[in-house]
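Got chain U; can you put chain B on it based on the hints?
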Amino acid sequence: MSPSFRSSNTFFKVETRFGEKIPRWELKLVFILYFNRAIEIVYVRRIYDLYMSRFGKRMRRYLATWSDSFIEEFNEDAHRRFLEEYIPDLYKTLEWGYAFDDDKSLGAFLFVFHSYKPVSEPNKSSFCRFEFPHDCDQDEIQAFVLEVAAMAPFTSGTCGYVLQPWPDDVEAFDHMYFVCQRYWGVEAWNQDVTVNWLADRFKCISWLTFLGTSILQEFPDLHPAASRAAHAYRELPTGAMYQTRPRAALIDLNRREDFRPEASLARALLPAQIVKHSSFGGNRWTDENSVQWLHRFTPD
Amino acid sequence: MSNDETALSLVKQIAERAIEHRSFFRIKREPVFRPGADEQDINKLKRLWRHPLPDDYLNLLRTHDGIDNFDAPNVFLLSTKHILDNPDMDELFVDAEMFREGEIFIFCQADNDAHSVAFRASRKGKIDVVDIDSGGIRQEHQDFVAYLESRKAELEKDIARHKADRKGLTR
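Protein sequences appear in the order of chains U and B.
Once you know that position 6 of the first sequence is 6 in the working numbering, the rest is easy, because the numbers rise by one and skip nothing.
Each number in the working numbering corresponds to the 1-based position in the second sequence with 1000 added.
Next comes chain U alone, as it looks inside the complex (with noise of 0.2 Å):
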């Protein structure tokens, strides 16, 4: 990547509201699994055991998933009561899940989990994120990821540049289709969107893209197929990882960077993608070319 990645507007804007800097849009790498029920507790604390071991000392906030919590200090105390008191507690009442941070406005380290209600919100997947600065240690991620994968039975995953829009920023969804269009490698992002979904199926390929072992069942031949489309792929206890490259990379496609490992993946794990997907949001994304996008390396 260039030197003047970050002073681009094309990956980076950072804007001034009621006296708090927010990025409009942002290039991270991020690492999602979905789950098609609610995350047992019994899972939800072997991955923040995991979480809070690796990247813990960093986080300064945290707050509840649910609409009106209130953002409160992440600290040793704070920690203690989500080991003693609200993961044990988790479900019972309003909270349904928590997201962490390092409370920077750029760049910041994330982690968050969230299960829907199996009954009052039917046919949504729960998941857990986690977000890193785009430029974090690729080495370092990969083997996080493949230990957090193989800790909970998940549906499917990604790990890969996302250019994550302002919610509801009409303007940054614009520009989010623009970049998509120019840059294959960057993931096209709106989750609320995206969970509606993936019930059984996976959203698209990403520099890292996990099956998990429902869909593995489903279809025998996926996995020797994309076992050999892969540049790399890793068998878990809870499904599978396929690597297309050995760094993620933006594909630019204005550049003619080569996207044939991807496109030879997509082709594997195609009988696995989802048909259906509504719009990213904005005024450029409809429903159509949202999906179109989706299947952009297996046009045909």
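Just so you know, not all the hints are guaranteed correct.
To be verified - Calculated lysine-lysine pairs in the BS3-like style (CA-CA distance at most 27 Å, straight line):
| # | chain 1 | residue 1 | chain 2 | residue 2 |
| --- | --- | --- | --- | --- |
| 1 | B | LYS1167 | U | LYS117 |
| 2 | U | LYS117 | B | LYS1157 |
| 3 | B | LYS1167 | U | LYS92 |
| 4 | B | LYS1028 | U | LYS117 |
| 5 | U | LYS117 | B | LYS1126 |
| 6 | B | LYS1044 | B | LYS1081 |
Unchecked claim - Sample of chain U residues with no beta-carbon within 12 Å of chain B, all distances over it, derived:
| # | residue |
| --- | --- |
| 7 | ARG37 |
| 8 | THR93 |
| 9 | LEU94 |
| 10 | SER120 |
| 11 | ALA150 |
| 12 | TRP184 |
| 13 | LEU216 |
| 14 | ALA229 |
| 15 | PRO246 |
Hints listed in this document are in silico derivations from the structure and should not be mistaken for laboratory results.
C-beta atoms are modelled at their ideal positions from N, C-alpha and C, and glycine is treated no differently.
Chain B in isolation, oriented as in the chain U frame:
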């Protein structure tokens, strides 16, 4: 069972279920059943509205003159004193042109938003019950007992849904 007994029984069941309903939202509020109203206050109440108030409602007030934290999450069955001290409770809804002046008589109200339950008199004098908030009419019921039955059923359905959401998850 007479209408009065049915109403009293339903009111108690609603208050009981409201406690369980609130527990899913970590709200700790217990119902407070106030002692019965005296006949003087009942008569003042009857004169406050130009239409006849239903007997089963008035008889409930004779047993319990208001129930704090009656329904979930924060609805009170108003006491005669509260109603007599606040004769313009309907103003918000009249100003919003949802009802004509004197068309409704509010007997239940939330303590922190506009949610209210009222008797409504039609132009022909028929009295029914409307469940209202700032967005308009949420529900309509043919009479007081029908309103109570509906609330009990709604609470039970909601509680069942909350339990189903958590089944197998809170071990």
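Verification of the hints:
Taken as a hint, the LYS1167/B and LYS117/U pair is honoured in the structure, with Cα atoms around 10 Å apart against an allowance of 27 Å. Pair hint LYS117/U plus LYS1157/B holds up; C-alpha atoms about 15 Å apart against a cutoff of 27 Å. In summary, the hint linking LYS1167/B to LYS92/U is supported, as the alpha carbons are separated by about 10 Å, within the 27 Å threshold. Restraint check for LYS1028/B and LYS117/U: satisfied, since their Cα atoms lie roughly 22 Å apart, inside the 27 Å limit.
Among the hinted pairs, LYS117/U with LYS1126/B is inconsistent with the structure: their alpha-carbon atoms are about 42 Å apart, more than 27 Å. Our distance criterion of 27 Å between C-alpha atoms is met by LYS1044/B and LYS1081/B, whose separation comes to about 10 Å. The Cβ of ARG37/U sits about 9 Å from the closest Cβ of chain B, inside the 12 Å cut-off, so the non-interface label is violated. Listed as outside the interface, THR93/U is inconsistent with that label: its C-beta sits roughly 4 Å from the nearest C-beta of chain B, within the 12 Å cut-off.
For LEU94/U, the shortest C-beta to C-beta distance to chain B comes to about 6 Å, within the 12 Å cut-off, and the non-interface label is violated. In this structure SER120/U is not separated from chain B by more than 12 Å, as the shortest Cβ-Cβ distance comes to only about 5 Å. For ALA150/U, the requirement that its beta carbon stay farther than 12 Å from each beta carbon of chain B is met, with the minimum near 22 Å. Every beta carbon of chain B lies more than 12 Å from that of TRP184/U, the smallest distance being close to 39 Å; the non-interface claim holds.
Chain B leaves LEU216/U outside its interface by the beta-carbon criterion, the shortest separation being 24 Å against a cut-off of 12 Å. At roughly 37 Å from the closest C-beta of chain B, the C-beta of ALA229/U stays outside 12 Å, upholding its exclusion from the interface. Its beta-carbon lying about 40 Å from the closest one in chain B, PRO246/U satisfies the requirement of being farther than 12 Å from that chain.
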